[in-house]
Every structure is written in C-alpha cells, then in structure tokens.
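S.K.: Quick note, the sequences are listed as chains A and B, same order. FYI, the numbering for the first sequence is 1 to 982, going by the numbering used here. FYI, the numbering for the second sequence is 983 to 1171, going by the numbering used here.
Treat the hints with care, as some may be off.
[Stated by the list, open to error] Below, simulated DSBU-like cross-link-like pairs (lysine-lysine); rule was C-alpha separation at most 35 Å, straight line:
hint : chain 1 : residue 1 : chain 2 : residue 2
1    : B       : Lys1026   : A       : Lys665
2    : B       : Lys1081   : A       : Lys673
3    : A       : Lys465    : B       : Lys1144
4    : B       : Lys1081   : B       : Lys1026
Don't read these hints as lab results, they were simulated from the structure. These figures come from a predicted structure and were not determined experimentally.
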Amino acid sequence: MAQINRIGEGLVDTSRTLSFTFNGDTLAGHPGDTLASALLANGIRFVGRSFKYHRPRGIFTAGSEEPNALVQLRTGAHQEPNTRATVAELFDGLTATSQNHRGSLKFDLLAMNDLLTPFLGAGFYYKTFMWPKSFWEKVYEPLIRNSAGLGRLSGEADPDSYDKGFLHCDVLVIGAGPAGLAAALTAGRAGARVILADEDFRFGGRLLAETHEIDGADGVDWAEQAVAELAAMDNVRLMSRTCVHGAFDHGIYGALERKTDHLPKSGGKPRQVLWRIYSRRALLCAGATERSICFGNNDRPGVMLAGAVRTYVNRFGVTPGQRVAIFTNNDDGWRTAHDLAEKGVEIAAVIDSRDGTPPAAPHGAMVAMGSAVTNAAGRHGLRSLTLTNGQTIQADCLAVSGGWNPNVHLTCHQRGRPVWRQDIAAFVPGGDLPVGMSVAGAAKGDMTLSAALKAGHGAGNAAAKDLGFTASRKAAPKSDDEAADVTAFWQVRESKTRAWVDQQNDVTVKDVKLAHQDGFRAVEHLKRYTTLGMATDQGKTANVLGLAIMAELTGRTIPETGTTVFRPPYSPVPIGAFAGRSRGKDFRPYRLTTSHGWAEEQGAVFVETGMWLRAQWFPQPGETHWRQSVDREVTRTRGSVGVCDVTTLGKIDIQGRDAAEFLNKVYANGFAKLPVGKTRYGLMLREDGIAMDDGTTARLAENHFVMTTTTANAVSVFRHMEFCRQCLWPGLDVHLISATEQWAQFAVAGPNSRKLLQKLVDAEHDISNEAFPFMACAELTVCGGTPARLFRISFSGELAYEIAVPARYGDAMVRALMAAGEAFDVVAYGTEALGVMRIEKGHAAGNELTGQTTARDLGLGRMVSKKKDCIGNTLSEREGLNREDGLTLVGFRPVDRATELKAGAHFVVKGKPVTTENDQGWMTSVAWSPTLGHSIGLGFIQRGHDRMGETVIAADPLRGNDIEVEIVSPHFVDPEGERLRA
Amino acid sequence: MPDLTLTAQPPLGGFSHDFGGAKLAEIADHALVSIATPNGGEKKLAAAIKKSYGCALPRPGQSTLAKDGDTRLLGLQRDQMFAFFAHDGDQALAAVANKLGDAGYYTDQSDSWVMLRLSGELSWTALERICPLDLHPDVFAVGDVARTMMEHIGAVILRDGKTDFVLMSARSSARSFLHAVETSIRNIL
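Same shape as in the complex, but just chain A (with noise of 0.2 Å):
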C-alpha cells in the first residue's frame, strides 16, 4: 500500500523505508515515524474498537494521553496488548494487530452492543443484573468480563527482562519541550547535576509539532541546538524515551525508560528500566494535553484534536485527512487550518464556538462562528458533519480543540488540589507541591511559547540559585508571543446523539447526565459511577470535560465542582517493570552453608529454611521414602555417630567489660556467674514477658561471649540486643557483632562422638569428658593448627558437640569429619533428622516458641529468675499468663501405637464434643520415632504436668481424624539425661 498521505519529510527520515504489518497487511514507513504516524499515512484511520460499545475508533492524538488507538504489538510471547499506537516507535518488522473485536476489525460481532445501548449506561450492572443473586458471579460477571476488557495478553511468561536503578541529581527537569529544555540549560549552566527526561523518542516537545520561531531561528533547529549543549555538559543526562510516572516522598521520582521497545529485539539487554530517581529540587515542565468537545458522535475515526493534527502534518509529514475541518473554542485552532493549508492541505472549514471577528482565515475555507459541530458521520471514518444550523460540510478529517489542560498530574502525586484559572478555562498546579518541586511552562498556565520559555529560563536558575550554585547570565530564549485566546465551551446542547467525553470507557454525556439523575454528583462519585476516566489513559483527554459537564448540570462552577484526585503512575507502567530482576529464582537471595557443596554430592534433599538451603535428608540408594532416609540417619546417630551442618544458627559475638551484665539482662536465666570454659542454655523473653527466642551461649574469656540464636530469629534477636544496647542501656560497655557467617559449624553426636572429635582435635587439646565435661567450651585448633572452637552441648540428646571452624574451612571441616568417622560408620543427618532427634528428646523449637507461649507454657517456668531483672520478668507475671489452667508442654503418643499422630490437631476430653468451648490445646510438633518405634508428639495442653497417663482425643475435623492420645513426659529418650554427661 502507498503512504498515500504522506505529504512531506517533517522530521521522519523518508531516505529510509521500513516495513511493518497491521492486521496482516505489510505497509511502509519511515525512521522518525510512530505507528500511528505510519498507520495514518497510509490512509488507515479505523484502528480499534471501543471497550464497552466497540465502536469503531481511530487515532485521537499524537502522544501518551492517546485514549482509543490502542494495538497489540508484537507476536507470540513477546505480544503487548493495550500499546498506544501514537508513542509506539516505528521499526522495521513491527507486526500490530488491533484489538477488542469478535471477528474482523471491520465486522465485529461485539458491535452489537452498540444497539444496546439503553440497557448499557453508566452502572448499568448495578441495576440490571440484579436477579437471580446466584448469576452475578457465574453468569453476568463472566459474560460482561468476555466482552468487555482491551487486548490480550499472551498467556505465556513475559520472555523479556527488565532492570532497576538508582539515579540521583540536583536539579530534575521532566519534560523536553520549550520551557523543560530552557530550565535544563540554565540549571546546566550553572553547574547543578541535572537530568532531562522525556517521555518521547525525541527532545523538543510541542517544539516539534509547531512551526515556531525561537532566537530567529526555526523552533526545531533550535531544540536540536539545546539538546546539543546539554549532551556537552558533563554534569547533564540526558534520557528520552523515559517517562516520570510519580513524585513521592523527599524529591524521589519513578521513571520509566524504555530501553529496547523501539528495536526489532532487545538483545538479552533489560526491555526496560525502572528507575528512582533522588532529586533536589524538580521542574516539571510536562506541558499541557488538548481537550476535545462533546457533540454526536465525536468518537468517529478521523475525528481528532487540531494539536494532534498539527503533529502529524508537521512533525511527521503525514496527513490524517484530504479534506479537514477545525472546530475549536480558542486561537489555537487556527493554528492547525494555517499550518495545514500552508502544507497544501485542503481546509474544508473552520467551525468556531465563539462569537465575533474570526481571525484571518486561511485561503478557500469556509468560516462559521458562533457555531458547533452537531452530528459526524461515517461510521468506519468520517464522511461529514452537521452543523447548528443545519448545514452539512463534506470532510474526512475533524480536528478539534476544547482548549488545553496543563499536565498538573505530578503536582497532585501527594494530595496536592489544583486550581482554576478562568482565563485560560484549566486547572493550573495549586500552591501545595511536593517538596522540591516547582512548575513551569504550559504545565503551570505558561500557553505561549515566549512565557513559556522564559519561564523555565528562570526556574531553571531559581533551582540552581536556591542550591548554591551561581546562575548563568544568558538571556531567556525569545519568540513571539501567539494568539491563545480561549473562551470555555463543553458540550454542544443542540446534538441530538450521544456524544463522548471519555472515550476510552465509554463514557457519554448521557452518562454524566445519569449520574447527575441517580444522585452520584460529587466528582469522586461521578468517577466511580461512569468509570470516567479510569481508563488505563488515566482520562487525560476526558476528566475536565466530564466535571465541566457535571457543574454545568448541577449549577455549580467548575472549582466548586472539585477534581478527582492523581495517583501515579502517570503513564501505564507494565508489572514486569516493577518486578524487575526478580523473578523465578532471582526472587529473592539464597544463602548456602559452606558444606552445601558436599552435601550435593551426597545427593542430600534441601529445604529452604528462611534464606538458606539446608541439607534435609541424606537418601541412600535403595531407599525409597524419606522415611527410610530419616529413620537410618537417627538409629545410626543414636547407635553410634552423626553429623548435621548447624552453621545457620544465629552467633552473636559479644564484647565489652559489661557484656556479663548485659547478658543477665536480655536472657531470664541467670549469665552473671557464668564461669570461663562454659556454655549456658538461655531463654530470652519479650518485653510483654512471652518467649522471645533460645540458644546456648558460651562464655570464651571473661569480656567475651558467644551466643547462639535460632536460625529464624538470628537477625531479630540481634536487633533486639542492639536496641537494648543503644537505647535502653547506653551506659554498658557492650559491643555486638554478627559472626553467623564467620563460621562454619557441625554438630557432632552420638556415643562416638568424643572419639571421632579426638581423630580431629590436636593432641595438646584434652576433650576427655573430665577435662571437657557436658557443657564445656572452648578455643583450640584442629587438623594440626587450624583455629576451632569445641563446644559440649546437645539438642539431640546424646553425647554431642558442635564444632566450628572459620568458615573458609568448613567444606573441609565435613569432608575431615566424614573421613575421621569413617571407622564409626559416621552418618550425615540432615534438618528432618535433626528435628525427630529433639521431638525425641522433648526440647522447643519453632513450633513451640511460637510468640503466644511463655517460659511457664514451654515447662521452663523456674528459668525465669526472680533473683535479678531481665526483659520480659515482670510482665510474665502477669495474672492471665500464670492460671491454674494455663497450658503446658508435655509428649504424646497414640493408645494405638500404629496410628500417627498429626500436627495441628486439637485436644479434647473423651467422650466430650469436638467444639471450641473443649479445646484444651494443640498439638504442635510430630515425628515417627525410629527409636520408639511408634508415632510421638509434643504439644500444650491445660495442667498437662497434672495429667500424665490421661488419655484424651486428639481431634482433626480438617483431616477428618480422631485419634485416642497418651499424656506423658516430653522427654521420650534418656529422660534423665545420662546419655549427654557420658
């Protein structure tokens, strides 16, 4: 197909021809170009249909306010639906389809609800699918969602990447046009770190749309000029095709910048980048977006806004019509009929909604004023119009201007209000602006090109001025001051058809109208009613002209009437954006114990336990049931020797000539006497007097200790103790540092262990159990030479010992320890061992310090000293914490000894219902115990010391079994604890 409305160069490169693809048909274009500039010049104005009616629609706009020419771009995986044609880039092999048809662009079986419409106004669901109740969600609300909605997504995972950053500036300067590119020189000159961004592929802004002149020179020429002196600074960066989307707090701005969406393909390189940007101070100089009017049928392709037009005759040199007609309230639109007919075009007529002398007209173009468009025919494209008076003007081309909105959006990021200035019929930014931010340029009401200009001159070096920097002395660009006259004109009141106001969502003046009749009057409600303006366009080119309408119904001025309020993002930001890099097994970082290695080729199974990955089972061939693996990993520790990575543990060290003290303080138990060479079991509590966390600590020297968290509270127990540190007892001389990391660690157990660890530590060290009793510890070297430190204490219940060694050691620390228990038969056991091992054995572990439970619930009740002060002692005292009838932690194992318990099920007395007035407890950890041989479990239970031997029920409705239980002592293995003083 010929571009058959190509009609010059404007800033596209016609030397150069791509070729892409619209519904199947190959077309021609030119570097420069958009696909809606492409798609106009070769003469295609039908593009889409409409959301709720599918009406057919074209192209509205020229920028990112675009509400109806809205494509899937791409094909396959890499399909992008709901891509506005008019800022996607032209290159070569881009495949667009159009969207939200049944059938073809053409014949679209969905346009049938165009002939509903009576029954589909605004809340139309609300009234209509009101009976039978059950069909809402089955029936009506599947059916509207079918029908309704934009494109489509692929279905298939997003195959590109995307990227975060970091960018941090003194000056930000949103928005390239006249007054964002006079801000960026002066703040540039001045020596600020500035950052120019733009959410178009090129610099310029309006400038590239216009035919001004700036210095005596052509507008363009003089953008380019601009953009070449900021790309010299070194303190400048420049980013286009990079839209600011949000203001947040402290001068933080999003940015969008699209990376490689204007390439065939992005190269392995992120698609897109999403960036926050630091800024000290911000000039947002977006610019102001076109309005349109209401009257019949003003969604008709080929209908569209005069500044739109303007763009793609002059920026683009592409026509969208043979024969155009103007319909404006204000001067700009004049501008396109010169510019048009300058250019060659045919000017059918301009319609002007104010009375009085037009200005100059151009050459052959019929003139009325005082008048309005009524009616626009043509259903796939506009044919003609109507006026009020009746007459019919032939025109495949309607460009019309309401007049112009500055971009305030930014302004409102954080409940800013805009106000409204009645010489210019717009909401300018009001006076409550982000921190940082000022405006300037049409976005603040600037709506000529010279206040423009010289309004960002001055806020440019006002910001580089308020950060100390000297402001350069270079005169404001000058221009012409042009004709902006606008007198505020809505609606046309003679049409006798539905006229849009968002087109996007279908919105009609009819629907305002109901709202306005159904009582939603309020803009807030006006907007949830109609969905005016909820549109993934975010309603730029509707709002205004939706509450203009609403106060012209209710009586009521326009600053009376309100706005609704901006929320970011300004532009539609897709979800991988914010996903950024993390995705799949990026989500989130992995931490690996230094015998993970080992341990995989072992064939180990690994669990994540928050971040880590811990060896869980260690499976042998032949074994088929982590059972299996489970059970042998026991009997063998238990027989003879077994080796468990215990490196996540938390380990705090602990220094300073109060750290005894300090330690006294945080943990219940008493540490002030504890002796040098010697490990404590602690328990810390809460301030509201709940258990916080356990572990051992080991007293190394007498200003040094090591303490040991869980693996789950390793950083918020070191939070806690920093806290306590700086903040409740700044006067200790207590200094904490993490050394979870530092080393690697293992647990060594087993009535084998002393012997297997003799192999290991060096001659000079005597582990004897005289010389190294239970609960001894200390600094020595092992495998000739290599620092160690030995501690005696167990959580599996036998004899046992961890040993750690700094970490860089710790993959031939395992392998060492293998080979040493060798003779043994050493087993490695993992996280499911190491779990039936303490169920075995009776202690907590997650499960039972589960923030609900105290020392007293957990049977540790006398650990709380009431000799000293500690965190959480006084309010453990509490009354309702202490009842006779508070729960306790006790073991339990099934009557029938071959049934297996579960955890989570309640407790309830025999014979009494399974009701939540009977619950007397949980269970709350299980294991099938090899050394048992039966199924045992740990749980609380009310007064469970006074009731050993007692049977009750452990109910499970949710798993539908009941099974008759044993209360007995937690502790099922070497109750007396022989097996660990061994």
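Got chain A sorted already, so can you dock chain B onto it with the hints?
M.R.: Only chain B this time, still in chain A's reference frame:
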C-alpha cells in the same frame, strides 16, 4: 587415615572476569577485622592506631589509610570500624590485636564476607542498577565507605581507588550477590 589438613576455600572460588570497561574479581588475599571502641576508650584507641598504623580513627562513612599504604580502616558506625588489609592465612585477629593490644575489641570478619573488587570506567553505570547511593565521584570520594542494600542484600561499599570499588556482602549469599553485580554489568554493556 587420610591427611586431614584443612584447605581454605574462598566463597566464590576466586572468581574473576573482565567484561571490558568493568572488571569484577573476588578478593581472597585480604582480611577484615572489626574493631569496637570500648566505652570511654576512644582516645586510647586513637592513640594506639596513630602509633601502630600512623593514621587517624575514621569517621563513619569514611576510611583512613595506614602509613604502610596497606591497612585501611573503614568507619562503619559509631564505635565500630573494620580493618581491611592484605593477609594470607587465618591469623588476622592476632595481627590486629598484636598491634593495638587492649585498646579495642576485635572480631575476625574475614570469613563473614565475600569481597569483590569492581574496577573500570563502567563501574558507576553498573552500580546505578543496584546501589541506591549517590556514587558521583564528587559525592562519594576515594576512601568513602557506606553500608547499603543491593538487590535486597545487605552490603558494604568502599571506594578505594579512582575507578575502584570494593563490595562486601554476606558470605552465605555470595552467589546471589555475585549474580546481582554481574547482571548489573551485563545489562549495561
């Protein structure tokens, strides 16, 4: 019985790669020892440091370089600094303690951190993608140090040369950290 001598292993096995414009390499020949200032002992520690290292106590966010041009003291927070110095072996703690005696509290941190050196002109562009801090050469000068987060991972960043940064992060998540830094470089090339 096999030889049970333990061999040290750096967290990333000595990773090193030149991307062209940016080079990323694991630092395996340096030690890191934290030095805490005892309450009321600042003067004594400052004097000991002056005597042994010939430099001043660093302020948080800055570092000072010892006279020998090797040991760099990183000021990380009130009352805490890290000594960063070339060291082979596992006796880093003693190396510091022998010099400063009882003037401070020392904890060996050499094995707690993975240390990466990022160097080259493109370092800044790569770091923009993960480091929230303003690293502009005028703002983050040679010798400056900071704690920060990169891709949700806690990190310390030190600028110790014109185009040189040392990045430190927890040893256990060394691979995630390397991936984060490497991706940042690859994404900007």
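S.K.: Of the numbered hints stated previously, which ones are contradicted by the structure, given in increasing order?
M.R.: Going through the list in order, the structure violates no hint and respects every one.
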